[in-house]
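Chemist: Single-letter residue listing:
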Amino acid sequence: MEALIPFALNALTLISILLIVSMGMAIIFGLMNVINLAHGEFITIGAFTLVVVQTLGGNFWLALIAAPMVGYMIGLVLEKALIARIYENPLHAILVTWGLSLILQQVIQLIFGAAPQSVTGPFPGSIDVFGVAYPAYRLFLIAFALATFALTIAVFKKTRFGLDLRASIQSSEMASVMGVNPDKINARAFASGAALAALAGVLLAPLTAVTAFMGINYLARSFFVVLIGGAGSISGVAAGSGLIGSLETALSYEIPTTVAQALVLALAIVILRFRPQGILPA
Amino acid sequence: MTTTTMPSALGRLTQRRKLGPAFIVAIVVVIVLAVLPAFAEGYALTSYRDVLLFALFALSLDLFWGKTGILSFGHATFFGLGAYGIAITAIHFEIDPSIVSLVGMLVGVGMAAGVALVVGYFILYGGVRGAYFTIVTLALTLIANHVAVGWPAVTGGDSGLIGVPPISIFGWTLADPISSYYLALTVLAACLFGSMWVMGGRLGLILTAIQDDEIKVRTLGYKTPFLLLMTFAASASMAAVAGGLYAAANGFVAPDMIALLLSTEVIIWVAVGGSGTLIGAVIGTAIVWWLQQKISSINASAWPIAIGSFFILLVLVFPKGPAAFVIDRIRHLRREEGADR
Chain A
17 MEALIPFALN
27 ALTLISILLI
37 VSMGMAIIFG
47 LMNVINLAHG
57 EFITIGAFTL
67 VVVQTLGGNF
77 WLALIAAPMV
87 GYMIGLVLEK
97 ALIARIYENP
107 LHAILVTWGL
117 SLILQQVIQL
127 IFGAAPQSVT
137 GPFPGSIDVF
147 GVAYPAYRLF
157 LIAFALATFA
167 LTIAVFKKTR
177 FGLDLRASIQ
187 SSEMASVMGV
197 NPDKINARAF
207 ASGAALAALA
217 GVLLAPLTAV
227 TAFMGINYLA
237 RSFFVVLIGG
247 AGSISGVAAG
257 SGLIGSLETA
267 LSYEIPTTVA
277 QALVLALAIV
287 ILRFRPQGIL
297 PA
Chain B
9 MTTTTMPSAL
19 GRLTQRRKLG
29 PAFIVAIVVV
39 IVLAVLPAFA
49 EGYALTSYRD
59 VLLFALFALS
69 LDLFWGKTGI
79 LSFGHATFFG
89 LGAYGIAITA
99 IHFEIDPSIV
109 SLVGMLVGVG
119 MAAGVALVVG
129 YFILYGGVRG
139 AYFTIVTLAL
149 TLIANHVAVG
159 WPAVTGGDSG
169 LIGVPPISIF
179 GWTLADPISS
189 YYLALTVLAA
199 CLFGSMWVMG
209 GRLGLILTAI
219 QDDEIKVRTL
229 GYKTPFLLLM
239 TFAASASMAA
249 VAGGLYAAAN
259 GFVAPDMIAL
269 LLSTEVIIWV
279 AVGGSGTLIG
289 AVIGTAIVWW
299 LQQKISSINA
309 SAWPIAIGSF
319 FILLVLVFPK
329 GPAAFVIDRI
339 RHLRREEGAD
349 R
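Heads up: the protein sequence lines correspond to chains A and B, in order.
Take any residue in the first sequence, count from 1 to its spot, add 16: that is its number in the working numbering.
Take any residue in the second sequence, count from 1 to its spot, add 8: that is its number in the working numbering.
You may find that some hints are simply not true.
[To be verified] Derived list of chain A stretches under chain B, where covered just means 3 residues or more per stretch with a C-beta under 8 Å from a C-beta of chain B:
1) 112 to 122
2) 265 to 279
[What the hints assert, rightly or not] Computed from the model, here is a short list of chain B residues facing chain A with C-beta under 10 Å:
3) Ile103
4) Ser106
5) Gly122
6) Leu125
7) Tyr129
8) Tyr133
9) Leu146
10) Val157
11) Leu182
12) Ile223
13) Val225
14) Gly229
15) Tyr230
16) Phe234
17) Leu235
18) Pro312
These are computed hints drawn from the structure, not numbers from a lab.
The C-beta atom is built at its ideal place from N, Cα and C for all residues, glycine as well.
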């Protein structure tokens with residue numbers, strides 16, 4: 017029983033990371049149906065916002081507020097400049113966002129250098145959970161991810177923006193007849209997805225090596241979280257993160273982490289064969 | 009009257025496809041490549057040989073992407089499996105040196121075909137097409153790369169494996185630059201003409217039809233997932249041959265032979281030459297390789313940025329490929345000249 021608590025908490029940490037990383041993906045890919053291979057770079061941008069804020073003397077909390085704004089602005093600009101032209105053709109979306117991803121990676125590396133950046137998170141100590149000491153930051157991460165998840169669902173279900181977005185996804189023509197401007201909604205939705213990814217980047221940064229290529233690790237996993245959870249459903253993200261996160265944590269106890277990640281992705285392909293619509297379809 | 013002439017018209021159509029301009033270009037290209045060693049030696053020749061093997065790799069992608077319209081983002085997986093197959097067989101097992109490279113090639117190609125069949129079965133029979141196929145194959149390269157880096161006991165981890173013996177066929181070793189160049193050219197020419205011949209026939213027509221409307225083709229009685237799966241496996245095997253020959257010719261394997269950047273680059277080689285033409289893949293590889301020499305010498309970051317920009321330009325400026333873009337422009341200019349007169 018004693019051994020189960022750290023396992024459960026480790027799994028919950030990974031699930032929370034996947035949850036928050038994949039929420040942006042769920043909006044951009046799951047709801048808007050845009051395959052965004054540059055999603056990982058928005059995570060990187062979030063993490064580097066923390067680097068910049070801390071270099072300038074600011075603290076973690078400031079970055080936690082600044083990163084989503086930076087992500088939103090960059091997302092908005094890129095949507096207007098590039099993404100808005102490729103909604104019709106998924107292959108074009110893949111090529112353009114992949115090109116974007118390569119450029120962003122290199123630009124970030126040119127500015128900040130190749131060496132991993134060091135960042136410090138808040139809450140350095142650990143907290144006693146049922147008799148087991150566990151890093152306080154990870155507990156904060158779990159709570160914060162759950163809160164963000166609840167807030168995102170609330171925005172989708174309860175606000176005007178959520179209603180307009182869901183309407184224009186169901187039928188863009190009908191929504192525009194009813195006075196919803198689809199271009200504006202698409203731009204804001206894409207930017208929100210980017211903002212969520214940047215937020216995830218700040219939260220992740222204290223736990224991993226912050227480099228220009230850190231985002232790619234989360235790209236494929238967040239795609240599979242959304243696909244397995246059921247594209248088009250926000251609650252499916254929780255199911256997908258739960259499955260992939262707990263499996264990966266369980267496997268990492270026995271085999272190297274990279275191989276465990278590989279195995280989980282392979283398993284995800286098998287799951288898609290038998291449940292192409294995901295676990296919790298919309 | 010019309011009903012009796014139709015089959016012969018169709019027959020002429022397929023025959024003309026075989027001897028089209030692409031075929032003539034292919035013959036010219038192969039002849040040029042065959043006399044090239046007269047003007048190059050040593051290091052330059054080994055570079056050209058590597059370009060030929062990359063061209064073979066590009067050809068394998070064009071065989072699937074160009075003919076079925078489904079983009080595989082994971083072809084480096086198969087190139088890498090071919091390379092690691094021969095390297096692991098030669099280094100970790102004690103096999104008679106006269107046949108070790110043949111056994112290694114078989115292992116690599118077998119692994120690639122096996123992975124393509126299993127993964128292809130799960131996704132193609134699962135009804136996954138288009139963009140989703142691309143994401144799954146992208147994940148495949150990530151998985152393969154994770155394994156290559158995370159399993160150092162077998163794959164050598166980050167540093168890869170050194171000491172892959174050159175190709176040797178029953179004691180006849182093709183180690184020097186000239187013979188390995190001609191080996192690469194022979195394999196490339198055989199695969200190129202073989203693919204053109206097969207795709208110029210019935211299979212090519214059916215695959216084109218699947219691209220247009222898969223449900224209609226299935227209604228006509230063709231097992232479309234099976235045909236797509238077989239094309240995918242053939243394409244993967246060809247990529248593995250390229251990878252195996254590359255590892256043997258250069259004497260080493262490294263994780264960047266099974267990485268996402270290589271999967272990306274091969275898409276560009278095919279796109280520059282114009283996908284679906286087969287010979288275009290070979291020409292595209294040569295052009296991009298030459299460009300890469302120029303651009304990489306500026307800065308290490310310059311090449312990935314150039315690739316990224318190319319992808320964006322490819323979609324926004326010349327969606328039919330740069331070659332078609334240039335041809336369209338020339339036609340456009342000619343038409344304007346004609347209008348002036």
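Chemist: Minimum Cβ distance from B:Leu125 to chain A below 10 Å?
Modeler: At about 13 Å, which exceeds the 10 Å cut-off, the nearest Cβ of chain A leaves the hint on B:Leu125 violated.
Chemist: Regarding the hint that B:Leu182 lies at the interface with chain A, is the smallest CB-CB distance below 10 Å?
Modeler: Violated, because the Cβ-Cβ distance from B:Leu182 to chain A comes to roughly 35 Å (cut-off 10 Å).
Chemist: For the hint on B:Val225, does the least C-beta distance to chain A fall short of 10 Å?
Modeler: B:Val225 check fails; min Cβ-Cβ to chain A is 20 Å, beyond 10 Å.
Chemist: Quick check on B:Ser106 please, does its C-beta sit within 10 Å of some C-beta on chain A?
Modeler: Because about 35 Å separates B:Ser106 from the closest Cβ in chain A, which is outside the 10 Å limit, the hint is violated.
Chemist: Taking the closest Cβ pair, is B:Gly122 under 10 Å from chain A?
Modeler: Result: violated, 14 Å to nearest chain A Cβ.
Chemist: Verify the interface restraint on B:Leu146: the C-beta must sit less than 10 Å from at least one C-beta of chain A.
Modeler: holds, 7 Å
Chemist: With chain A as the partner, please determine if B:Tyr133 meets the hint condition of a C-beta pair closer than 10 Å.
Modeler: holds, 7 Å
Chemist: Have a go at the B:Ile103 hint: is there a Cβ in chain A nearer than 10 Å to its own Cβ?
Modeler: Since the shortest Cβ distance to chain A is 27 Å, the answer is violated.
Chemist: Does B:Phe234 hold up as a contact with chain A if the rule is Cβ-Cβ below 10 Å?
Modeler: This hint is violated: B:Phe234 lies away from chain A, its Cβ roughly 16 Å from the closest one there, beyond 10 Å.
Chemist: Restraint: B:Gly229 near chain A, CB-CB cut 10 Å. Satisfied or not?
Modeler: Given a least distance of 24 Å, the restraint on B:Gly229 is violated.
Chemist: How does the coverage statement for the stretch 112 to 122 of chain A fare against chain B, requiring three or more residues with Cβ below 8 Å from a Cβ of that chain?
Modeler: holds (count 9)
Chemist: Let's test the interface hint: is any C-beta of chain A closer than 10 Å to that of B:Tyr230?
Modeler: violated, 22 Å
The structure fails to meet hints 3, 4, 5, 6, 11, 12, 13, 14, 15, 16 and 17 from the earlier list, while all remaining hints are met.
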